[in-house]
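Enquirer: With chain F's structure known, arrange chain L on it following the hints.
The listed protein sequences derive, respectively, from chains F and L.
For the first sequence, this note's numbering gives the first residue as 1, with consecutive numbering after it.
For the second sequence, this note's numbering gives the first residue as 1, with consecutive numbering after it.
No lab work stands behind these hints, which were simulated from the structure alone.
We treat Cβ as the ideally placed atom computed from N, Cα and C, and that holds for glycine.
One or more of the hints may lead you astray.
Stated by the list, open to error - Listed below are the simulated PhoX-like cross-link pairs for lysine-lysine, each with C-alpha atoms no more than 20 Å apart in a straight line:
#1 K30(L) to K64(F)
#2 K73(F) to K30(L)
#3 K46(F) to K72(F)
#4 K72(F) to K100(L)
To be verified - Now the in silico label distances, taken between C-beta atoms and shown as ranges:
#5 Q84(F) to Q105(L): 27 to 33 Å
#6 N88(F) to L107(L): 28 to 34 Å
#7 P10(L) to A86(F): 45 to 51 Å
What follows is each chain in one-letter form.
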Amino acid sequence: MGVTKEQVESSLTSKLKPSHLEVIDTSGGCGASFAIEIVSEQFQGKRLLERHRIVNAALEEEMKQIHALSIKKVLTPEQWKQQQEAENSKPDA
Amino acid sequence: FRCFSSALTPELKNTVDKVVKSNKVVLFMKGTKDFPQCGFSNTVVQILNSLNVPFETINILENEMLRMGLKEYSNWPTFPQLYIEGEFFGGCDITVEAYKNGELQELLEKAMCT
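Chain F extracted, bound-state conformation (with noise of 0.2 Å):
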């Protein structure tokens, strides 16, 4: 039984409180492969480094079984809400 989705979206959730969250299913059909995005509290104050282990051990159980994992964002509520302003003030981008 691989990972699915749902299995990484319930862990973050449950252990990160996330006001946002998105996991997307990258696996081209070899196996579990996830990209997030992620935005909790519980970043605040820390390096990007410290960040993706928070999300890595968030994941300790699942990680045994992905195959690949891009952790695309991991931001604050306060820096997600400046990223958000600053995309929709372009709307060409």
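Expert: This is chain L only, laid out in the frame that chain F set:
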């Protein structure tokens, strides 16, 4: 505290310590810099090539003990793993992000000058 046996023996830890400290930039990857065997490893090789810095690569596919041990050494579950001046820097996503925002160039320039 881990109650199961560790892949990172004191000997292996010593060896990894030596490797990452005797080279300014070390990439533990799947395959070699001339023949990467995974897209993520290839991405980091391309970034380092484009920044024109000398770097060592070590193929973790050839040594299962090293592969398991390194995950504990860096507390990082996947490969590639980039080390700069003896310190674990990150995996592919972190390296790409740092490349985009200029932090990687800055850090590497500093490393080359020391």
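Enquirer: Which of the stated hints cannot be reconciled with the structure, identified by number in ascending sequence?
Expert: 2
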